[in-house]
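Produce the complete structure using the sequences and hints provided.
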Amino acid sequence: ACGSGGSSEQGGSDNSFKTAMVTDTGGIDDKSFNQSAWEGLTQFGEDNGLKEDAGYSYLQSNSASDYVTNLNRLVQSNTDLIFGIGFKLAEDIGTVADQHKDTHFAIVDSVVDKENVASIVFEEQQGSFLAGVAAAMKSESGKIGFVGGEESELIKKFEAGYVAGAKSVNKDIEVDVQYAGSFGAPDKGKLIASNMYNSGVDVIYHSAGGTGNGVFAQAKDLKNNDPEGNYWVIGVDRDQYEEGQIGDNNVTLTSMLKAVDVAVADIAQQSKDGKFPGGEIVSYGLKDDGINIAETNKDAYSEDIKAAVNEWKQKLIDGDVTAPSTDAELQEYQDSL
Amino acid sequence: MFSSTKFNFIIPIISVVLGLAAGAIIMLIFGYNPILGYQALWNGVFDSGFFMSETVNRITPYILTGLAIAFAFRTGLFNIGAEGQVLVGWIASVWVGTAIDAPTVIHLPLALLAAAAAGAFWAFIPGILKAKLGVHEVIVSIMMNYVALHLTNYLIRDVMTDNSESTEQVKQTASLTNDFLIGLTGSRLHLGFIVALFMVLVMWVILERTKLGYELKAVGYNQHASNYAGMKVGRNIVISMVISGLFAGLAGAMQGLGSFGTAFTNTAFSNLGFDGIAVALLGGNNPFGVILSASLFGFLKVGALNMSTAGVPNEIIEIVIALIILFVASGFIIRWALLQLKKGERK
Amino acid sequence: MLDILYSLIPQTLFFAAPLIFTALGGVYSERSGVINIGLEGLMVIGAFAAVTFNLLYANALGTMTPWISLLVAMVASAVFSLLLAIPAITFRADQTVTGVAINMLALGFGVFMIKQIFNKGQTEFISEPIYTKDVPGLVDIPVIGEMFFNNMYITSYIAIAFSFVAWYVLFKTPFGLRIRAVGEHPMAADTNGIKVYTTRYIAVIISGALAGIGGGVFAMTISLNFSVSTIAGQGFMAIAAVIFGKWNPLGAMGAALFFGFAQSLSVVGSSIPLLENVPQVYLLIAPYVLTILALAGFIGRSVAPKASGVPYVKGSR
Amino acid sequence: MENYVIEMLNIRKEFPGIVANDNITLQVKKGEIHALLGENGAGKSTLMNVLFGLYQPEKGEIRVDGKQVEINDPNVANRLGIGMVHQHFMLIDTFTVAQNIVLGSEPKKGLKIDMKKAVREVQELSDRYGLQVDATAKISDISVGMQQRVEILKTLYRGANVVILDEPTAVLTPQEIKELIVILRTLVKEGKSIILITHKLKEIMEVCDRCTVIRKGQGIGTVEVSETNPNDLASLMVGREIHFSTDKKAAEPKETILSIEGLTVQDSRHVDMVKSLDLDIRAGEIVGIAGVDGNGQTELIEAITGLRKKSAGKVTLKNQDITNMPVRAITESGVGHIPQDRHKLGLVLDFSVGENIVLQTYYKKTYAKGGILSFKRIFDKAKALIKEYDVRTPSHLTKARALSGGNQQKAIIGREIDRNPDLLIAAQPTRGLDVGAIEFIHKRLIEQRDQGKAVLLVSFELDEILNVSDRIAVMFDGKIIATVDPKETNEQELGLLMAGSKLEKEGAHN
Ligand SMILES: Nc1ncnc2c1ncn2[C@@H]1O[C@H](COP(=O)(O)OP(=O)(O)OP(=O)(O)O)[C@@H](O)[C@H]1O
Ligand SMILES: Nc1ncnc2c1ncn2[C@@H]1O[C@H](COP(=O)(O)OP(=O)(O)OP(=O)(O)O)[C@@H](O)[C@H]1O
Ligand SMILES: [Mg+2]
Ligand SMILES: [Mg+2]
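Protein chains in written order, with the numbering used here: chain S, 316 to 652; chain E, 8 to 354; chain X, 487 to 803; chain V, 6 to 515.
I should point out that these hints are in silico values taken from the structure, not numbers from a laboratory.
Watch out, some of these pointers could steer you wrong.
Claimed, not checked - For lysine to aspartate or glutamate, the following EDC-like pairs were computed, each having C-alpha atoms within a straight-line distance of at most 16 Å: (1) S:Lys-333 with S:Asp-581; (2) X:Lys-619 with S:Asp-541; (3) X:Lys-658 with V:Asp-119; (4) X:Lys-681 with V:Glu-111; (5) X:Lys-606 with S:Asp-344; (6) X:Lys-658 with V:Glu-111; (7) X:Lys-601 with S:Asp-344; (8) V:Lys-35 with V:Glu-12; (9) S:Lys-587 with S:Asp-362.
Below is the structure:
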């Protein structure tokens with residue numbers, strides 16, 4: 316939206332569709348779901364010949380206090396469908412949706428049970444499961460790691476899926492799980508990664524936002540000193556192949572892809588077509604490409620890994636296995652192995 | 008000649024003008040239209056009653072953290088720990104607000120009290136360590152901020168909820184929101200501003216009218232003389248920190264019982280406490296000055312959200328705020344320049 | 487046990503390096519009588535400058551990039567620190583306020599510029615970070631070599647070397663004596679013919695330069711990119727280190743190392759079987775609680791340079 | 006044409022709202038000791054700060070060795086051979102003597118300060134002028150007298166030809182003053198010229214050649230000291246007659262008010278400073294404690310008033326044991342205390358005069374009801390005391406910081422006396438004050454005695470002790486080694502006693 320000039324013109328032609336999103340504090344270039352959501356919205360706009368700012372736009376939040384203000388700003392400028400990106404907006408979407416029953420809302424990564432709100436959730440545990448499969452296949456030491464940002468319900472889905480996936484391949488594999496306590500502490504991330512790699516872990520899956528930067532930094536540094544060594548990172552949300560590049564090597568084994576863009580574009584389209592899934596929980600998983608696993612790193616992500624992952628992917632899609640998303644489910648799953 | 012009270016008003020006004028002007032220049036340099044930008048800023052607040060009330064909601068906690076810092080400064084201490092005190096106050100208010108059933112007359116005051124007490128306790132620790140062991144309050148407060156951040160996150164996830172990112176809404180009996188105000192503005196405008204304004208009076212009365220305030224200031228200015236006059240220096244340092252923390256804790260309650268009605272996990276600091284430093288100093292550490300500077304902060308922060316509609320990145324406003332603070336702080340040079348101008352006129 | 491040390495020590499060192507640089511800057515500034523709450527902002531500028539330069543010139547400069555980036559970071563923050571120096575020294579502004587403003591300004595400016603240059607709110611990863619190296623020769627010393635010279639950031643050594651240099655300059659040279667004089671009793675210094683303002687300017691600029699290096703090192707060894715949250719509290723930790731270290735360069739270094747040690751200990755701790763069932767939160771807050779305990783237990787009273795925080799007005803008493 | 010080293014002609018210096026120096030002329034001859042005399046606030050320090058380059062004059066001309074110069078920086082003054090020992094020492098507590106002296110012109114070895122050379126040079130210089138300083142000692146560890154000599158060394162190290170001393174003797178003991186006078190004479194012999202500011206007319210008579218008097222910012226004139234006397238100087242300075250020896254009736258001591266038995270007190274380094282000391286003070290008498298600084302006087306007072314812990318002994322006030330009472334309880338049980346260091350202990354400088362007036366009583370019912378202060382009552386009291394004690398201040402709302410030392414002292418004395426204490430402790434009550442103010446304060450102390458109060462006066466000024474006290478207790482090494490009647494003793498005898506020699510006439514007892 317930060318092109319030049321031109322404030323959002325109010326109204327326009329009455330029947331033209333108008334949609335917008337409110338970011339959480341990450342902003343539209345957070346290399347994570349805000350960015351992805353904005354890409355989805357842009358795609359949707361382009362597909363439908365809408366103009367940025369007039370047809371589709373975003374408002375940036377700098378703090379939690381900004382959500383309500385931004386949501387209302389969009390309501391007041393007659394936006395038909397408003398996306399709240401991230402579970403942090405759930406509470407406020409709920410409140411605002413109650414006050415403006417004629418406006419449609421959608422919340423990403425959370426559930427808000429209101430008639431005029433569509434809840435978009437992802438089956439991260441499925442993608443994480445596959446990440447676990449890949450990690451276990453790749454690991455030579457029999458030790459892999461998981462670095463989480465904060466120990467929240469959402470991130471637990473990543474952890475549980477990952478552990479389950481890994482154990483499915485190698486029942487005895489050791490998974491070192493650590494939380495940094497923050498999504499914005501690369502120094503802590505690096506400490507944890509350093510500690511894990513030191514203790515023999517050779518693949519780390521991170522779900523830790525900016526903290527993950529430290530994981531990449533550590534892996535790349537080790538790789539630089541020891542190009543033959545096994546220091547792998549599994550990225551999250553988007554394809555983090557770029558982040559893993561170091562000279563001619565790349566430490567990004569794969570990434571768990573979460574297609575927020577697909578979901579956002581999808582819901583926007585439905586809404587424009589008069590099929591807004593209000594009050595529903597719309598879940599995106601492996602089967603509808605809402606969740607996926609990257610195959611960019613051709614060198615590292617070998618054919619046998621690919622084969623194994625695809626095999627498990629099919630099982631998950633077919634419902635032969637269900638990826639666990641909580642500690643309890645994980646326990647149950649492990650016991651069943 | 009200007010009297011010094013006149014200067015106290017003129018300097019902030021000139022600083023705001025200079026800050027906005029500098030912001031305009033930066034916008035021009037980078038090819039944005041400052042007129043549209045500032046128009047959007049203005050409209051961001053004054054477009055409708057809704058945004059004005061949101062602005063008031065925003066100002067409320069700023070007033071309280073501003074008071075917290077100002078109070079400490081006035082008594083010779085630097086409470087850089089307001090950030091953590093806000094967090095613990097916030098969660099304490101929500102805890103009482105969700106866990107207890109009681110009529111409003113009891114529930115709401117109790118929740119506010121809990122916030123104040125939590126903030127006060129969080130400030131008590133650096134206070135007592137300074138008083139008893141001479142440990143610098145700044146460093147302990149910085150550490151306490153991090154402890155508060157991690158601890159409140161933990162409490163929300165593992166104690167107050169079952170692994171959820173935010174607590175339930177506080178019960179209506181503990182809420183600062185008010186149906187009448189909500190009906191009037193459609194916003195979550197809550198009664199917290201009354202609490203904040205009341206605390207402004209409280210701070211003023213304590214500092215300017217009470218025995219306690221007299222002692223606290225005396226200790227802040229000169230510990231030796233206070234000791235000579237029979238005051239208990241250590242005790243006063245602790246009391247000072249506790250009162251300061253109490254204000255900050257209440258700022259947390261404004262969020263917990265008012266603007267949000269819940270407590271949620273935080274990835275990073277809210278910056279209410281750090282911004283409070285600027286609010287306090289911009290307001291000359293005077294309780295009434297704090298109202299004005301908090302208002303300016305709230306206005307700029309809310310207005311800034313609308314600037315993207317004019318295509319202007321809202322970091323511009325951060326820059327403007329920072330420059331305003333720099334100009335106010337450099338009041339001496341503005342005063343000097345004004346006096347030179349006056350002199351020039353006379354000649 | 488030795489295993490733990492093998493990982494604790496290098497981790498402590500890389501974690502501490504940015505803090506050491508920045509805290510040394512803080513020591514210089516405060517020793518000269520200017521409180522520097524703006525260290526955080528100066529680190530932000532350092533990180534911003536290092537990352538931006540690194541991204542823009544990596545192709546042209548190759549492996550030299552990180553070192554030149556570090557110089558650029560140093561210069562950028564030194565220049566930026568004038569925004570603290572001019573109000574705080576010449577215009578007699580309250581130093582704390584000015585520092586707070588610097589923090590806001592740096593963050594606003596950094597992100598704004600990133601948006602102008604790269605058209606997005608956070609940068610890509612730099613392609614030429616600083617890498618760890620073995621120290622040839624020394625790494626082969628049994629035990630010690632593995633602990634201190636294996637896979638180490640040269641910046642960690644530089645940080646430690648700087649601490650000693652900073653100590654030497656502050657306590658052994660005329661310049662250091664003058665800085666300390668100006669921070670203790672500016673009027674006495676003035677009557678001795680020392681230029682109080684100039685000395686304070688130099689000290690603040692030094693603090694800017696060092697904090698810039700600190701930010702640059704952080705960005706190029708740890709975060710590898712720049713965003714609004716790259717520097718999140720490190721500057722404040724550096725302030726804590728300054729006070730913890732009693733305004734002594736070696737003390738500040740010790741404090742920074744202590745922070746690094748406490749942090750790595752909390753990370754290592756979670757993989758020690760004994761501590762496995764301890765709730766995560768205790769390990770998260772452990773480094774901070776440890777610091778408070780250390781202060782309360784055996785560090786105790788620290789007395790700031792007497793004139794710290796007081797603008798010097800010639801001729802007043 | 007006379008041969009002047011320094012000429013300050015028609016100097017005018019203004020501060021906001023006040024003309025501190027109005028057309029003052031000062032001419033100093035080579036090799037003379039030139040006194041500068043004036044009441045508190047007359048403008049002496051200001052004039053010297055102008056000469057030293059700390060202030061720029063609005064008008065006037067300065068000549069050094071006949072050449073007109075512009076001194077806009079202390080550096081320039083140094084280069085012109087002008088050195089200044091300030092009223093408030095310009096020393097850095099945490100530095101050593103040598104560091105303080107070489108600061109700004111340090112000898113170097115490579116990049117490093119050549120500390121060995123610095124110490125050697127300082128030591129040599131010190132020996133040459135008989136200054137006896139230890140170059141390696143830390144400033145915070147040495148006596149005030151030694152600190153002053155360090156200040157003098159600083160000027161000499163920079164090659165000063167003219168040394169300005171701003172009230173050097175105000176902070177010195179008689180012994181130290183004697184030593185200083187010797188030093189000054191040595192300096193003159195070496196060809197230096199000296200400008201000496203002092204309120205003590207005796208000193209002027211003793212060492213100075215000429216004296217310039219200023220009053221309320223204006224130059225009154227310069228006199229040859231050999232052609233004048235203290236009385237004339239005093240009236241020149243104040244503009245009225247001054248009575249030196251205080252007239253007072255004989256004391257009529259009554260019941261014992263304060264009784265100290267076996268008191269032992271340690272200083273902050275845990276050294277016994279007061280050693281098993283006994284002392285009684287009775288109603289209606291002034292007991293003066295004579296002694297060289299550092300013999301436990303400060304610790305004694307701090308112990309009586311509760312500011313310092315006692316390691317042994319008993320203190321009784323009007324038959325009430327106050328030994329272990331906290332400060333406030335002691336104050337309330339009837340002790341008034343005019344502290345030695347008025348800036349550190351006596352006043353909160355950033356409080357208004359009015360607020361300072363109630364520093365000891367703000368919490369009492371009269372001023373505070375239910376925790377709320379009545380500023381009307383506080384300020385009424387302040388206004389009354391300001392009037393009664395002639396505190397010269399623009400208003401009771403003025404910050405105490407802005408008052409001159411004399412007026413600050415008057416405010417403290419008013420405050421303490423107004424509380425009507427049974428025991429009034431006055432520590433160095435007239436330090437740094439002009440003769441007018443001294444006269445005023447002495448009168449008040451005697452007035453208290455006449456009203457039946459017990460007064461404990463601690464002073465390093467033998468004049469003051471001899472004039473004001475009814476009984477003199479000589480303190481040496483933490484003990485009272487003799488008690489003498491002021492009418493039956495003299496300065497010589499006191500001086501000997503203070504140096505620790507035993508009294509021969511009688512056994513020392515109370
Ligand atoms: N920095 C200043 N700002 C404002 N007024 C000042 C300043 N310094 C001195 N004055 C005023 O100038 C006058 C002369 O002060 P000065 O210090 O020269 O007196 P003095 O003769 O040295 O007194 P004393 O005997 O107490 O040392 C006083 O009235 C004082 O209030
Ligand atoms: N910042 C200031 N503003 C106004 N006046 C000042 C200031 N500083 C000093 N003065 C004035 O300067 C004069 C001299 O100050 P100085 O400190 O020399 O006091 P003094 O009378 O010599 O007392 P003492 O010797 O006890 O310190 C005082 O009369 C005071 O009014
Ligand atoms: Mg004077
Ligand atoms: Mg004086």
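Consistency of the hints with the structure:
no. : hint                     : verdict
1   : S:Lys-333 with S:Asp-581 : holds (15 Å)
2   : X:Lys-619 with S:Asp-541 : holds (11 Å)
3   : X:Lys-658 with V:Asp-119 : holds (9 Å)
4   : X:Lys-681 with V:Glu-111 : holds (15 Å)
5   : X:Lys-606 with S:Asp-344 : holds (6 Å)
6   : X:Lys-658 with V:Glu-111 : holds (11 Å)
7   : X:Lys-601 with S:Asp-344 : holds (10 Å)
8   : V:Lys-35 with V:Glu-12   : holds (11 Å)
9   : S:Lys-587 with S:Asp-362 : holds (12 Å)
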